[in-house]
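**Q** This note's numbering numbers the first residue of the sequence shown as 231 and each following residue consecutively.
Because the hints were derived from the structure by calculation, they are not lab data. Here the structure is a predicted model, which is why all the values come from computation and not from measurement. Cβ coordinates follow ideal geometry from the N, Cα and C atoms, glycine included. Please note that the accuracy of each hint is not assured.
[As the list claims (entries may be wrong)] Distance ranges between label pairs, derived from CB positions: (1) R627 with T522: 19 to 29 Å; (2) L951 with S887: 17 to 27 Å; (3) E948 with S695: 50 to 60 Å; (4) T522 with S550: 19 to 29 Å; (5) T522 with Y644: 54 to 64 Å; (6) S887 with K805: 25 to 35 Å.
[Stated by the list, open to error] Quick list of in silico lysine to aspartate or glutamate cross-link-like pairs, DMTMM-like style, CA-CA up to 20 Å: (7) K564 with D543; (8) K764 with E747; (9) K594 with E633; (10) K722 with E747; (11) K542 with E519; (12) K433 with D509; (13) K937 with E960.
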Amino acid sequence: MPGDKLPSDENITMLLGMGFSDVETVKKALTLAKNDVNEAVAILTGEVSKGGFDPTPDIEMSDSSIITDTTNNNVQFGPEPEKLLEISDDSIENIDISIEDIPDEFPVTNLYELEERIFTENWSIPFKKNESLAKCLYSATKLAFYEKSDIDTNCAHFVDRILPECFSKLMFSPAVRKWQPDIHEGVFNMVQLFIDFAATRLKYQPLPVKLLGILCKCFDPESEFHFKNRSRKWNRTYYEDIFGYEKCPAMSPPYTSYKDPFGWLVDLFNRFSLKGGLDALISQINNVEALTPNILSCLWKPLGLCAPYLNKDVLSIKLSDCASNVVKFVTELKESDMKEKEVDKVFDLLRTLSVVCEALWSDKTTHVNQLHLSTLLKMLHIAHFNSRMNALKELCRLIKDCESKERGTNVLQYDVIMKWMLDNKVLSIAFSNILHQSQYCEKLKKVVEFVCTKISLEELTTIWSMQSGKHITVVDNIHNIIASAAQNFSTKQLDHLIELIQASLKESDNDEGKANEGILIMVGKIGRDIHDEKIVIKLLGMLWDYWHTTDLPLCLLNQTVQSHLDILTDSTVIKAPVKLDYISKCVADLKSKTVVVPALRHILHNLQAMIKVHFSKNGHARLEEIQSQYDLLKLITKSLVNCHIQITSSISAGMLSGDTVINNLYTHAETVITHLKLIEFLLKNGDLYLSWSHCKDIWDCLMLNEKNCSGDFETCFEWFLTCISDLTSERKKELFVSRILSTEISKVKEV
């Protein structure tokens with residue numbers, strides 16, 4: 231354009247940053263505005279016309295396309311202005327056609343074309359009156375008028391396969407955000423045609439459940455389409471001419487509410503009512519005896535989605551009997567009904583009814599919510615998996631909703647749910663059955679975590695007692711749930727739980743070893759995860775006492791030691807002094823020759839954890855300090871010799887093997903190897919050297935006793951090969967000359 235200033239890159243970038251996404255359109259606007267940004271914005275938003283220009287039309291309606299219509303002189307580009315948008319009468323395409331003017335045959339060619347265009351990655355959906363989608367909708371409406379839409383195979387294919395995908399894309403695709411106003415108007419027309427079809431089809435049986443699902447998509451105010459057009463005004467004049475002043479079934483919120491009008495959604499509901507859809511819906515709902523919870527929920531859901539825009543003065547009377555019928559239907563559900571797989575739809579129904587009550591009969595909302603909770607409780611009382619599982623799922627859903635930051639106004643409040651759970655002892659009921667099912671226990675765990683801080687000591691006792699006499703799977707599941715919830719228990723609750731644990735461990739006999747093992751595992755989990763230092767120390771003391779004051783079978787002894795170590799080494803609240811104190815206690819055990827192997831293992835793991843976590847920089851110095859304080863090398867060597875003498879003195883020559891059991895607990899091999907492992911750890915990590923006296927004692931103990939087994943010889947040689955670097959040169963020479971050279975070659979295998 232001669233004489234005009236060319237658009238500068240700076241201004242192009244500025245306009246793109248303002249939300250005008252088409253580069254070519256921006257360049258044309260700047261050219262017309264002679265590179266004036268303000269003028270270009272006016273052109274792009276349609277506020278000023280400087281001769282105008284038409285963007286190149288794009289026939290694709292995909293996620294990456296913006297479609298414009300060159301026949302519309304009021305096309306807007308870029309962000310829509312924040313004001314109420316009205317459609318002038320001239321811009322509205324008349325989509326109403328008489329039934330007689332619609333062809334009798336379903337347009338198969340249009341059906342195939344539509345299917346091909348929708349089910350592809352770069353999809354495109356026609357949105358004009360004379361195109362495929364509209365033609366199919368017109369034909370479907372005519373067939374529905376004569377109650378033949380289900381019989382016609384092409385129409386049935388259109389309804390079952392094409393329509394769900396089509397309106398999912400039109401209503402929910404992110405591409406909606408990019409469309410120009412003329413596109414939205416065309417899509418709105420297609421939705422109106424669908425509303426005509428849905429209203430017509432709902433007038434006869436069988437009930438079109440899938441069609442109700444599509445209707446819900448069209449009525450969903452949170453869809454991309456309705457959110458994008460939330461500022462549109464509704465066609466008040468048109469519908470009030472039909473229904474009467476302020477007698478329309480749906481109306482936008484008053485201006486004083488400062489809420490978005492959602493005018494197109496309001497228009498759609500009014501059109502649905504005008505075409506007889508609302509009356510058909512009410513008629514179907516009132517035939518409640520013939521309905522299932524799922525179908526009844528599907529019938530109510532469109533009303534729930536539009537609830538904020540329903541006209542209370544009109545629909546509170548019209549829907550009153552429907553609401554009463556739903557309450558009666560739910561109240562009269564039998565136990566056999568509650569065992570059905572789809573009974574969970576009852577809760578969807580009650581949620582929807584609660585939303586509608588909030589809009590039309592706010593004084594009834596509390597009653598509906600109480601019915602919701604009482605129905606849940608009834609289902610929880612029934613000892614049947616479907617019933618209990620559905621009840622627990624719903625309870626988890628209620629909890630999630632009340633904890634959500636984006637919860638709706640109809641969501642049950644935290645205090646209401648908590649009080650109901652405590653008053654009705656819901657946890658005790660939930661724990662009474664089905665605990666062998668992992669799915670059920672996962673849901674129950676979430677419920678317990680929600681209410682855990684409010685659980686009374688009495689109910690905690692009841693829950694704990696549920697494991698008595700139960701299968702080990704049930705017992706383990708109870709322990710896992712309690713361990714998870716204990717992280718949030720109060721000190722008082724934890725103290726009481728410890729009392730329950732101690733009583734169970736004390737009362738059970740060896741036949742219940744597996745159950746006690748599960749309790750000990752649970753104690754380890756609780757001790758690792760909680761942050762109450764006093765309670766953690768109390769748990770450590772309880773495990774230590776159980777380990778030392780009870781004649782335990784090997785499995786329980788090992789698990790007690792392991793749980794004690796899990797807490798001691800993994801808990802974030804246990805400090806070094808506590809760990810050192812338990813080293814001191816284990817040293818005392820070694821000196822008194824009680825539970826020797828557990829004491830050795832405890833010292834080893836404790837020292838390993840201290841070096842790794844707490845004393846990584848000063849690990850060698852810390853070990854030297856502990857060695858100096860307790861003379862561990864001497865103590866452990868002496869313990870090894872004593873244990874070896876004890877076992878060899880009690881059996882005849884040639885009878886000892888690595889599998890020989892000492893004191894009905896640990897094998898001879900375990901005892902020897904555990905001693906040697908701890909000595910090796912001290913030597914390798916503490917910069918220590920093995921003295922000749924200790925070296926000689928170990929060698930003589932394992933090599934020179936005539937009752938030794940071959941495993942003693944092999945273990946001794948392997949250990950000295952590993953630790954030879956921890957002997958001084960002089961000690962190595964002494965070992966070689968005075969011990970190795972005099973060893974019978976038959977005692978040594980290849981190592």
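**Q** Using the Cβ atoms, figure out if E948 sits within 50 to 60 Å of S695.
**A** 52 Å, holds
**Q** Given a hinted range of 17 to 27 Å, is it respected by the beta-carbon distance of L951 and S887?
**A** 23 Å Cβ-Cβ, so the 17 to 27 Å window holds.
**Q** Given the hint that K433 pairs with D509, does the C-alpha gap stay at or below 20 Å?
**A** 8 Å, holds
**Q** Take the C-alpha atoms of K542 and E519, compute the straight-line distance between them, and say whether it is at most 20 Å.
**A** Between K542 and E519 the Cα gap is close to 27 Å, so the pair fails against 20 Å, i.e. violated.
**Q** Is 19 to 29 Å right for how far apart the beta carbons of R627 and T522 are?
**A** Given about 20 Å between the Cβ atoms, the range holds.
**Q** Holds or violated: are the alpha carbons of K722 and E747 at most 20 Å from each other?
**A** 25 Å, violated
**Q** Taking 20 Å as the top limit, are the C-alpha atoms of K594 and E633 close enough?
**A** Outside the cut-off at roughly 24 Å; violated.
**Q** Please check whether T522 and S550 have a Cβ separation lying inside 19 to 29 Å.
**A** 23 Å, holds
**Q** When you check the alpha-carbon spacing of K937 and E960, does it fall within 20 Å?
**A** 30 Å, violated
**Q** Mind checking the hinted window 25 to 35 Å against the Cβ distance between S887 and K805?
**A** 44 Å, violated
**Q** For the pair supplied as a hint, K764 and E747, is the alpha-carbon distance within the 20 Å limit?
**A** Between K764 and E747 the Cα gap is close to 24 Å, so the pair fails against 20 Å, i.e. violated.
**Q** Does the hinted range 54 to 64 Å hold for T522 and Y644 at CB?
**A** With a Cβ separation near 32 Å, T522 and Y644 fall outside 54 to 64 Å, so the hint is violated.
The structure fails hints 5, 6, 7, 8, 9, 10, 11, 13 (numbered hints given earlier, in ascending order).
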